[in-house]
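Residue numbers (our numbering), protein chains in the order written: chain A, 300 to 437; chain B, 113 to 901.
The reader is advised that the hints may include incorrect statements.
Below are the BS3-like pairs computed for lysine-lysine, each with C-alpha atoms no more than 30 angstroms apart in a straight line [what the hints assert, rightly or not]: (1) B:Lys-634 <-> B:Lys-551; (2) B:Lys-782 <-> A:Lys-436; (3) B:Lys-785 <-> A:Lys-436; (4) B:Lys-600 <-> B:Lys-163; (5) B:Lys-212 <-> B:Lys-404; (6) B:Lys-634 <-> B:Lys-650.
Chain B is nowhere near these chain A residues, computed Cβ spacing over 12 angstroms in every case [claimed, not checked]: (7) Arg-306; (8) Ile-308; (9) Leu-311; (10) Gly-314; (11) Ile-321; (12) Lys-386; (13) Gly-403.
Since the hints were made in silico from the structure, they are not lab data.
Beta carbons are placed, not taken as given, at the ideal position from N, Cα and C, and that holds for glycine.
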Amino acid sequence: MNTLILRTIVPLLTGLMVIYSIVVLLAGHNEPGGGFIGGLIAASAFALYGIACGVAPVRRALYFHPISIAAFGMLLSALSGVISYYKGVPFLTGLWWFPEIAKGVEVPLSTPLMFDIGVWLVVVGSLVTIALALEEKE
Amino acid sequence: MIGYLVLTPFLAALLAPVLVFLIGHRASWILALVPGYLLYRFYEFVPAVAKGETVLQSHEWMGGFGINYSFMIDGLSLTFAFLILGIGFFIVIYAGGYLKGHQKLGRFLAVLLAFMGSMLGLVVSDNLITLFVFWELTSITSFLLIGFDNEREASRRAALQALIITGLGGLVMLAGFALIGLVGGTFELSELLSKGEVIKEHGLYSLMFWLVMAGAFTKSAQFPFHSWLPNAMEAPTPVSAYLHSATMVKAGVFLLMRTYPMLGETELWETVLPLFGGITLLIGTVLAVRDKDMKLMLAYTTVASLGLLVLMLGVGGARAIEGAVLYLIAHSFFKGALFMVVGTVDHEAGTRQIDKLSGLRSAMPITALAAALAALSMCGLPPFIGFIAKESIYYSLTHGGLHEWTIAIVAIVGNALMFGVAASIAIRPFMGKWIDPPKAVHEGPVMLFLGPLVLSITGLVTAVFALNFMQTNFFSPMVNAVAGSEVKLDLHLWHGINPALILSVITVGLGIAVFVFTANLKKFFDKVLNFIGWGPDKGFDQFICCLTWFAALITRFLQTGQMRTYMRVTFFVTALILLVPMFKLNIWPKMPNFPELRLWEIGVFVILVVGIIQVVFARTRLTAIISLGIQGFSVALIFMMFGAPDLSFTQFMVETLSVVIIALVLTRLKLMKQDRRSTASLLFDGVVALSVGVGMGTLLMNITQAPIDLRLSEFFSTYSAAIAHGRNIVNVILVDFRAIDTLGEITVVLITGVSALALIRVKAVPDRKTKTSQASSKIAGSEALKETS
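Please model the entire structure based on the sequences and the hints provided.
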């Protein structure tokens with residue numbers, strides 16, 4: 300599968316796909332998208348990278364073991380629910396902040412966003428774990 | 113506030129390993145401050161409780177189900193809390209001395225403190241479910257402590273046995289609690305206790321009774337569930353002294369006392385409890401007399417004492433409860449002290465076999481004193497608290513009919529045998545001629561003798577100097593709490609000559625005889641038990657053996673290890689689930705009107721159908737997989753055309769990834785390129801596949817033809833942007849409205865990832881082995897080459 304064309308184009312494509320997946324993740328609250336879909340896009344990007352250039356560069360690029368990434372995402376999602384306890388509301392209640400970073404520019408931050416980032420990490424981590432483990436030569 | 117007090121030991125448990133790492137075994141002096149502080153805080157409740165008040169506090173947990181972190185402090189729970197914390201204080205110090213320099217001391221103290229918290233939570237819980245949670249926590253911490261020496265087979269077995277017996281009992285008890293909660297309409301004990309009549313007169317009373325008894329009898333080691341307790345002596349002595357004599361094993365008795373106003377004083381109660389208690393008392397004492405290991409002797413007398421307590425609660429009535437309450441308190445003092453004494457002797461002299469020790473009094477004077485004081489209380493001799501307790505028991509038994517007198521005889525025999533054991537433990541190792549023990553013996557350090565000395569002296573002081581104080585602050589409130597009514601206690605060391613005193617004298621006489629003729633009794637009991645040759649301990653092994661055999665049988669039947677069987681079973685069952693209800697209820701969907709389609713819509717459908725046909729008739733597997741992808745993409749396109757961009761988006765990605773992953777799996781499995789199946793199996797698989805397809809299709813048509821309740825959709829579209837700040841309803845549902853579902857789903861995703869990784873690695877192991885052997889042979893070969901050159 301590692302033809303010259305694929306090897307040349309895939310690193311670029313992977314980068315684009317991951318960026319796009321992050322856009323999908325962040326835009327997901329208002330436009331089609333979200334953590335789950337974004338995670339699938341990023342996972343297929345890494346899987347493709349692995350097929351074209353071998354597993355080792357993917358592992359190097361990810362730095363952490365993908366299953367650790369997934370576990371961290373799980374933790375993040377769970378913690379986003381715990382935060383609501385400090386406000387005295389039930390587990391996983393959505394909380395919003397609108398800090399103004401410049402005059403008139405508000406950045407909406409929320410626990411659902413944190414939760415969605417966790418979902419993204421779990422999906423990416425778990426699927427990349429499976430894909431890379433399968434791609435690895437025995 | 114009580115909730116926070118209960119949490120304190122758990123926090124200290126987190127701190128314990130760090131402290132031990134920093135300052136070694138001296139950490140236990142600091143950690144003992146935790147129970148000390150808690151004692152101080154719980155003392156604040158004493159005046160109120162002495163006046164007969166009940167302190168209630170509640171934090172909501174799952175309010176909708178009536179489950180709360182609610183706590184109740186009355187005479188019963190307060191006295192238990194004092195026993196747990198007071199004895200715990202000395203045990204923590206003792207543990208530091210006993211396991212000084214042990215590598216895992218930090219872990220040990222941590223679990224010990226966690227147990228303390230669990231036990232404390234158990235006794236002060238007001239909610240039955242909270243009580244159950246703490247109950248199981250004590251089982252788990254007990255498991256960890258019994259198996260502390262985890263490299264020894266015996267201690268692992270003992271730990272597992274204790275966990276299985278008490279854990280199973282606890283689960284059965286939970287069923288009982290659920291029933292009580294349903295019948296009584298609440299899980300709060302404080303409310304249930306006043307509804308005793310409702311529960312006792314309910315048709316399911318006997319079921320509730322037996323379910324709760326299962327929990328109490330397993331935890332409090334009643335025959336035939338007692339065998340885990342002597343085996344639990346594999347644990348280090350601080351554990352035996354604390355969990356398996358003074359506190360945890362009394363949880364069962366605590367439960368009986370707690371539920372007494374609710375379940376007690378019925379015919380069933382007054383038949384079953386004396387029966388089990390009596391048998392346990394006799395068997396426990398017989399086994400205690402027979403044994404040579406002092407720790408085991410004490411363990412069996414603990415079994416016997418628990419039997420006696422159950423027996424007394426079974427007799428019922430205010431006086432019997434008074435006897436049980438006093439005996440329970442007295443027992444915690446003297447048994448805790450004696451266990452620690454035996455531990456100290458074991459620690460310093462290197463053995464705890466009673467026939468290998470003699471004349472230690474000169475070498476270990478303080479320990480000998482503690483042993484003597486504790487044993488006198490256990491023998492029930494004046495002026496110790498043990499004497500007062502036994503007098504109360506006899507008093508209640510002599511003021512009744514034939515039933516009570518029969519029980520009195522059982523109690524006398526049991527007490528006399530226990531007298532013999534207590535005397536043996538206090539006299540034989542310490543008095544008599546000096547025998548050289550395995551180790552050069554000397555008095556234990558202060559950490560080791562502090563606990564037993566204080567506890568045994570408490571047994572004396574309580575009876576002689578503090579009887580009135582204890583009576584008003586602890587004994588009376590506890591008896592009142594158990595009996596559920598006002599009871600006046602009138603305790604004195606000297607009541608004058610009455611039937612109870614005469615029974616006491618008989619007991620002492622018999623006890624001395626037992627002590628003198630211990631050797632003969634031992635031989636006799638040995639003969640009897642050898643004749644029987646079977647016990648619950650063996651039974652437990654047989655039970656486990658049967659269980660694993662049965663599990664293996666089922667597993668072999670269900671898990672053939674063939675993917676094809678799994679798939680067939682799964683899809684066959686799916687087809688049944690889909691089609692049987694439709695046949696049975698005769699609900700078939702109407703054929704929908706064929707809609708007008710635009711050209712491109714027709715195009716997509718054609719691609720879809722061609723994709724499916726290609727999957728079925730493809731010659732190689734790879735083509736089939738890719739065709740499956742084409743079919744999936746067409747579905748995604750349909751989603752897109754009919755206004756579900758999110759769904760379509762996801763469908764595209766899922767299809768892409770599944771084609772990639774299935775292709776990767778297939779290349780690893782090294783299957784044949786083509787799928788060759790016999791016609792028969794092709795036919796079977798085809799029929800199953802078609803049935804599932806038809807079933808799914810008709811189900812979907814049924815669903816779309818049924819009237820749709822739009823309330824949820826309306827709710828989501830109204831509030832999605834308004835309160836959840838998102839215009840994409842699907843995403844808002846996923847991450848906000850129904851985030852807990854998503855949390856569950858990503859957990860499944862994560863677990864799938866972990867298990868796939870594990871499975872793929874398992875597959876890789878033999879390959880790696882052959883690789884390394886090849887590599888090593890290569891290296892060997894190259895070395896051989898070098899040599900020849």
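A quick look at each hint next to the structure:
1. The straight-line distance between the Cα atoms of Lys-634 (chain B) and Lys-551 (chain B) is roughly 28 angstroms, inside the 30 angstroms bound, and the hint therefore holds.
2. Simply put, Lys-782 (chain B) and Lys-436 (chain A) have alpha-carbon atoms about 13 angstroms apart, close enough for the 30 angstroms limit, and the pair holds.
3. A threshold of 30 angstroms between alpha carbons decides the hint, and for Lys-785 (chain B) with Lys-436 (chain A) the separation of about 19 angstroms falls inside it, so the pair holds.
4. The hinted pair formed by Lys-600 (chain B) and Lys-163 (chain B) meets the criterion: a straight-line CA distance of about 13 angstroms does not exceed 30 angstroms.
5. Straight-line distance between C-alpha atoms of Lys-212 (chain B) and Lys-404 (chain B) comes to about 27 angstroms, which keeps the hinted pair within the 30 angstroms bound.
6. Between the alpha carbons of Lys-634 (chain B) and Lys-650 (chain B) the distance comes to roughly 21 angstroms, so the proposed pair stays at or under 30 angstroms and holds.
7. For Arg-306 (chain A), the requirement that its beta carbon stay farther than 12 angstroms from each beta carbon of chain B is met, with the minimum near 17 angstroms.
8. With a closest Cβ-Cβ approach of about 17 angstroms to chain B, Ile-308 (chain A) is found to remain outside the 12 angstroms limit, as its non-interface label requires.
9. Every C-beta of chain B lies more than 12 angstroms from that of Leu-311 (chain A), the closest at about 18 angstroms, which supports listing it as non-interface.
10. Non-interface status of Gly-314 (chain A) relative to chain B is upheld: no Cβ of that chain comes within 12 angstroms, the nearest being about 18 angstroms off.
11. Distance check for Ile-321 (chain A) against chain B: the nearest CB is about 15 angstroms away, which clears 12 angstroms, and the non-interface claim stands.
12. The non-interface label for Lys-386 (chain A) is consistent with chain B: the shortest C-beta to C-beta separation is roughly 15 angstroms, beyond 12 angstroms.
13. No Cβ of chain B approaches the Cβ of Gly-403 (chain A) within 12 angstroms, the least distance being about 18 angstroms, so the stated non-interface status holds.
Checked against the numbered hints above, the structure breaks none of them.
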